[in-house]
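One line per chain: the protein sequences are A and B, in this order. Residue numbering for the first sequence follows the working numbering, beginning at 1 and increasing consecutively. Residue numbering for the second sequence follows the working numbering, beginning at 1 and increasing consecutively.
Where hints are given, some of them may not hold.
Mimicking SDA-like on lysine to any residue, the simulated pairs with C-alpha atoms at most 25 Å apart in a straight line are [claimed, not checked]:
(1) A:Lys-31 / B:Leu-98
(2) B:Lys-5 / A:Asp-192
(3) B:Lys-49 / A:Arg-348
(4) B:Lys-96 / A:Asp-329
Partial chain B-side listing against chain A, Cβ under 7 Å, derived [to be verified]:
(5) Asn-57
(6) Pro-59
(7) Ser-62
(8) Lys-66
Hints in this document: simulated from the structure, not taken from any laboratory. Where is the CB? At the ideal position from N, CA and C, for every residue including glycine.
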Amino acid sequence: MIYNSLKIKNFRGIKSLELNDLKRINILVGKNNCGKTSIIEAILLLSSYSNPSISFFINNTRGILLTSDEDFKYNFKDFDFSSKIIFEGSTINNNINKLEIIPTREISIPVIQNVIKEKEQIIHKDISIGQQNFMNSVVSGIQLIYKIGEQDFNFQLSLTRPTISFPVKEGIKIGYIHPKEGIHEIIQIIGDLKIKKELEGIVSVMKKIEPRIESIEIGAGNLIYADIGLKELSPVNIMGDGLIRTMSVLAHIGRVKGGVLLIDEIENGLHYSSMKNLWHGIIETTKKYDVQVIATTHSYECIEYLADIYSEIEPDMDDIRMYRIEKIDNIHKAFSSSIEVLRAGIERNFELR
Amino acid sequence: MKEKKIEIKYPNILLVEGKDEYNFFESYFKYLKIDNVQYIDIGGKEKFKDKYESLVNSPEFSKIKKLGFIRDAEDGDASSAFQSIKNIIEEINREKSLALAIPIPVPRGPGEIISDGENYTGIFIMPNNNDSGMIEILCLKSIESDPIYKCIDDFIKCSYNKLSEKDKAEFKELKGRVLAFLATKAIGKNYVNSLGVAALKNLWDFSNPCFDMLNNFVSKLFKQV
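Using the sequences and the accompanying hints, generate a full structural model.
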């Protein structure tokens, strides 16, 4: 587990938001456009100090292709470059990790004097480099200023200029599953886990969900296969979306051992009957690999199954939080629920999302 | 089909502790011509903090302007039932200070309506903000002048004497009296077996002065601006 709490300022639609008392498994809920995905992106940026180019990537997942440095404005509240983006996360080691993002600007130095010929006289006319010129300066990228514990470093990112970088220590292991992720995107992860002899840990959890699974292999045609006791290995593609999704999430958890996994719309592609298995796998593997999960969902069943299965597997633990994000009078608020509060709300049939 | 989730839809909310109370207030508010209140069955005192917190966390809670709590004193006195709710409101106000735009105003005693100028809160402890007991006491009082009441009284006393000592200790006399009264109303197909449904069928006399204190409380909370 990494983060205890998180503060976000001036990022996307969020002017200010705090999430406190984060746990091993955290669910973000709320109406459309309440900022759930922005929170995921904020954590991704804050944690990616070993790979800050993620700043380009987060816009791609929204379908925004940056075509000029001016397009970095989409990260800033109200597209206003003058509001500095700030992310701050306190970690379980009592460190504060902070990231500030500001625009970098390019000012072309004007000619100091113009020579104007007027009625045969030579007039020297000064051109000032004043406020007006500055305001007309061009955004040439963004600067990411990190303070990770006691260490400061920064990067300048630009589409049109070479990236200026400074040496950094290794970042937090972070994974991100976007809503449309398919099976092809996890082949590499499965391969890496196999090489590092970590795949068996995932398979042992998968076996509890699908007892026929003996092993998982990568085979011909760059496909993932499962040995389910047949004469031949079976491509997982034909074993059902629920199983594929569960395997994908568990593989990501294995890859970010000791780090954070962010999942946008965790219920995507899952029938509600598969959610119980998914949560079962997540609860077991996050514990095994010491991974913190922060996931968004719109699904009530998804929350119900998490509460059910968690109470079954870890009845005496308090390692889950749900945060309902709501914009009240243009200010974002996070209402957090423990497992007990979640269960009480489900029992009373209250709307929780 | 899955039951529809309970959503906060009105700025005026009355939290009651069971289906009976829910039905009772639905009928009682119709009688009082109070029509802008949403009743929410928040359940009994068991794990009340978790249930209340869950409601505070639910969408639109911030839009509530008037919040009423109805709770039975049961075997204790009203002040301990009141204190328990008061403590929970204060605790959640503290824990949610970042999320709650404005803390919920906390009354100083049962029956008091308190306001911060914008939001109103009141806690009513059945039957009268003072004695032990429950909603059944009010309903039974409202029918004391009914000639049948004497028969019920005799029946309950007679039956009680025939119970074993063990059963006597666990006998719910008030609930028994309510059920006995309702048994006398089993006329045609129109019979009921719960206090709440009896309220919906107008079997309790809401005009009886025994309801005055409750009437004053809900009218002050929900009728006045």
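Verification of the hints:
1. A:Lys-31 / B:Leu-98: 20 Å, holds
2. B:Lys-5 / A:Asp-192: Violated, at about 44 Å.
3. B:Lys-49 / A:Arg-348: Holds, because 13 Å separates the two Cα atoms, which is no more than 25 Å.
4. B:Lys-96 / A:Asp-329: 17 Å, holds
5. Asn-57: 4 Å, holds
6. Pro-59: 6 Å, holds
7. Ser-62: At about 5 Å, which falls below the 7 Å cut-off, the nearest Cβ of chain A leaves the hint on B:Ser-62 intact, so it holds.
8. Lys-66: 18 Å, violated
The structure does not agree with the numbered hints 2, 8 stated previously, though it agrees with the rest.
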